[in-house]
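Asker: Sequences listed follow chains A and B, in order. According to numbering that gives the first Met the number 0, the first sequence is numbered sequentially starting from 0. According to numbering that gives the first Met the number 0, the second sequence is numbered sequentially starting from 0.
For the record, the hints were derived by calculation from the structure and aren't laboratory data. Values in this document were obtained by computation on a predicted structure and should not be read as measured data. Note that the Cβ used here is the ideal one computed from N, Cα and C, for glycine as well. Mixed in with the good hints there might be a few duds.
Dumping the calculated EDC-like pairs for lysine to aspartate or glutamate here, alpha-carbon to alpha-carbon at most 20 Å [what the hints assert, rightly or not]: (1) A:Lys84 <-> A:Asp50; (2) A:Lys76 <-> A:Asp50; (3) B:Lys22 <-> A:Asp38; (4) A:Lys76 <-> B:Glu255; (5) A:Lys84 <-> B:Asp259; (6) B:Lys79 <-> B:Asp57; (7) A:Lys76 <-> A:Glu57; (8) A:Lys84 <-> B:Glu255; (9) A:Lys84 <-> A:Asp38; (10) B:Lys79 <-> B:Glu56; (11) B:Lys79 <-> B:Asp53; (12) B:Lys22 <-> B:Glu82; (13) A:Lys76 <-> A:Glu60; (14) B:Lys79 <-> B:Glu103; (15) B:Lys22 <-> A:Asp159.
From the derived model, a few chain B residues whose C-beta atoms are all more than 10 Å from chain A [as the list claims (entries may be wrong)]: (16) Thr112; (17) Ile154; (18) Ile238; (19) Leu241.
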Amino acid sequence: MRTILRLTDRLMEMIHADLDRPHAFAGERVGFITCGVADLPGGGLCLYGADYHPVADEDYEDDARAAAMLGSGAFRKILQRIYSKPASVLHVHRHDHQGRPGPSFVDERESRRFVPSFWNVCPNHPHGTLILSFDDLWGALWLRPEDPFVEIGTCVIVGDRTRPYGGISDERT
Amino acid sequence: MSARDDRQSFLGERSSAIFAETKVAVIGNCGGGSHVAQQLAHIGIGNILLIDPDVVEDVNLNRMIGSCPRDAAEGIWKTKVLERLIVSIQPRASVTSFTQRWQEVAMALRDCTVVVGCIDGYAARGELEGYCRRFLLPYVDVGMDVLPHSTRFTITGQIITSLPGRPCMRCMGFLTEELLANEAGAYGAAGGRPQVIWPNGVLASIAVGQIVRLLTPWHDEPICPYLEYDGNRQQVGPISRLTHMRAGSCSHYPGENVGDPFWPNACPVA
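Chain A extracted, bound-state conformation (with noise of 0.2 Å):
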C-alpha cells in the first residue's frame, strides 16, 4: 500500500528545537504529532502533519528501562486532543546519528504496548511512529491494530526546499 508523510519544513523546525532540549533526568525527549489524513489518487493514504505535541517535562517517568519513559498524563493529553478533534497520531522522536534511522528494539516493543491506546479514542484513523535523526527519518503506520505495520514510503517536506525522502531522491543534504 502506498503511504506519503508531507510534513512542512516549519514543522520538522519545530520538533528538532524541541528534541533538542536536554531534560533533568530523561536521556531523550518524545512528541506526538497530529496528522490529517486523505486517500492518494490510484490508492493509497497520505497523512499531513498538522501540529506538534511536545512532552511536558512532567509527564516524563524516571525509569531506566528507555530513555524516555512516558507517565500517563503524557498519553491522557494527547489521546484528549484527538478525542476533541478526530486525527492520525505519529510518536515521535530521535536517533542522534546521520542517515537513515530505524526502530530498534524497544521503540518497536514500546510502539506496539502504545499505538493500540489510540484506537480507543479515534478508532478510524492510522497511527503510528516517527524516528527522526538528524537528516533524515523512518516511519511506520498501522492501519488496524491487529495488522503488522507498513512502512511509510516517502516522506515529503514541504518548504523552502522540496524535498521527498524515500524512494529514489531521498537526499540527505
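Following the hints, put chain B in place on chain A, whose structure we already have.
Answerer: What follows is chain B alone, placed relative to chain A:
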C-alpha cells in the same frame, strides 16, 4: 547523468533523478501553462499532470506554445496539444491529462510535488491555493493582465510561490476582499481578456525557476514569494514590502486544517 542533462548538472548530482521522480500539475494550459509545460519537459520532469477544460481556438494561437491552426480548426483539447509537445521533447515523460475543471479531478493533485496555476480570476486562484494548503502542496501562481489607460496600456503580472505554513496570497495582499467583490460584481461581463505571448514567457520561465529552486536549490537565497512583473519597463522584482514576511506565518490557513476533512468518509472523486 545523461548528455542531455549535462548543461544543467550544476543543479546537483542527483538532480536528474529528482526531476524524473517529480510530478508537477499544470492547471490552465494556454498562455502561461503552455510555456511552463514545455520547459518542464526540457528540464526532465518525469510526471506532468495537465488540466484544462478547453479546446484550442483561433484566439489562442497568438500565445499558446505548441498550438497550430489545424488544432484550432479541429477543436483539439489544449491538454492534448501539450501532451504532444511534451512527449516530442521528452519521450519518457509520463503525461496525464484531464479535460475537466480542476475541481472535478482535484484528487489527482494530491500526490503532486508542485502545483502550477495559470488560471484566470482572483476567486479561482484563491480556491486553488486553498486546496493546495489543505494538502500541503507548494503552489506557484502565474498570471498577467493588460490594463487599459486613456491612450495606452500597462502590462502587469506576478509569480507567487505559496508554501504551506508561510504567507498566503491574502497575507501578501494579492487577494483582497475588494478585488474578489469587484470580480464577483463583474461576473459574465469580462469578455475576452487581452493576452500576449512574451509576458507569458517571462512569467512562466521565472515560475519554472522557482520550481527548480524548490527541488534542487543551486543557491541559498530564500525563495521570494511574490515577484511582480512590470511589462512596460520589462522588469521583474520582489514586492519590497513583503521582505519582512518571508519568515512569517499565515493566519488564513491554520496548520491544523490539513487532509480530507471528511476522511474516512470522503466522497469519491475522479
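Asker: Hint by hint, note whether the structure agrees.
Answerer: Now the hints, each set against the structure:
Of the pairs offered as hints, the one joining Lys84 of chain A and Asp50 of chain A holds, with about 12 Å between alpha carbons and a cut-off of 20 Å not exceeded. At most 20 Å may separate the alpha-carbon atoms for a hinted pair to count; Lys76 of chain A and Asp50 of chain A meet this at roughly 14 Å. For the suggested pair Lys22 of chain B and Asp38 of chain A, the alpha carbons sit about 17 Å apart, so the restraint of at most 20 Å is met. Under the criterion of a C-alpha separation no larger than 20 Å, the hint pairing Lys76 of chain A with Glu255 of chain B is consistent with the structure, at around 17 Å.
Proximity of Lys84 of chain A to Asp259 of chain B is assessed by CA-CA distance (about 13 Å); at most 20 Å being required, the pair is judged to hold. With a C-alpha separation of about 16 Å, the suggested pair Lys79 of chain B and Asp57 of chain B falls inside the 20 Å cut-off, and the hint holds. For the suggested pair Lys76 of chain A and Glu57 of chain A, the alpha carbons sit about 12 Å apart, so the restraint of at most 20 Å is met. Taken as a hint, the Lys84 of chain A and Glu255 of chain B pair is honoured in the structure, with Cα atoms around 10 Å apart against an allowance of 20 Å.
Taken as a hint, the Lys84 of chain A and Asp38 of chain A pair is honoured in the structure, with Cα atoms around 19 Å apart against an allowance of 20 Å. Between Lys79 of chain B and Glu56 of chain B the CA atoms are separated by roughly 13 Å; this keeps the pair inside 20 Å, and the hint holds. About 10 Å separates the Cα atoms of Lys79 of chain B and Asp53 of chain B, which keeps this hinted pair within 20 Å; it holds. A threshold of 20 Å between alpha carbons decides the hint, and for Lys22 of chain B with Glu82 of chain B the separation of about 15 Å falls inside it, so the pair holds.
With a C-alpha separation of about 15 Å, the suggested pairing of Lys76 of chain A with Glu60 of chain A holds against the 20 Å cut-off. In summary, the hint linking Lys79 of chain B to Glu103 of chain B is supported, as the alpha carbons are separated by about 18 Å, within the 20 Å threshold. With a C-alpha separation of about 17 Å, the suggested pair Lys22 of chain B and Asp159 of chain A falls inside the 20 Å cut-off, and the hint holds. The beta carbon of Thr112 of chain B is not kept farther than 10 Å from every beta carbon of chain A, the shortest such distance being approximately 6 Å.
In this structure Ile154 of chain B is separated from chain A by more than 10 Å, as the shortest Cβ-Cβ distance comes to about 29 Å. The claim that Ile238 of chain B lies off the interface holds: its Cβ sits roughly 18 Å from the closest Cβ of chain A, which is beyond the 10 Å cut-off. The claim that Leu241 of chain B is not at the interface with chain A holds, since no C-beta of that chain comes within 10 Å of its own (minimum 15 Å).
Hint check: a violation occurs at hint 16 only; the rest are consistent with the structure.
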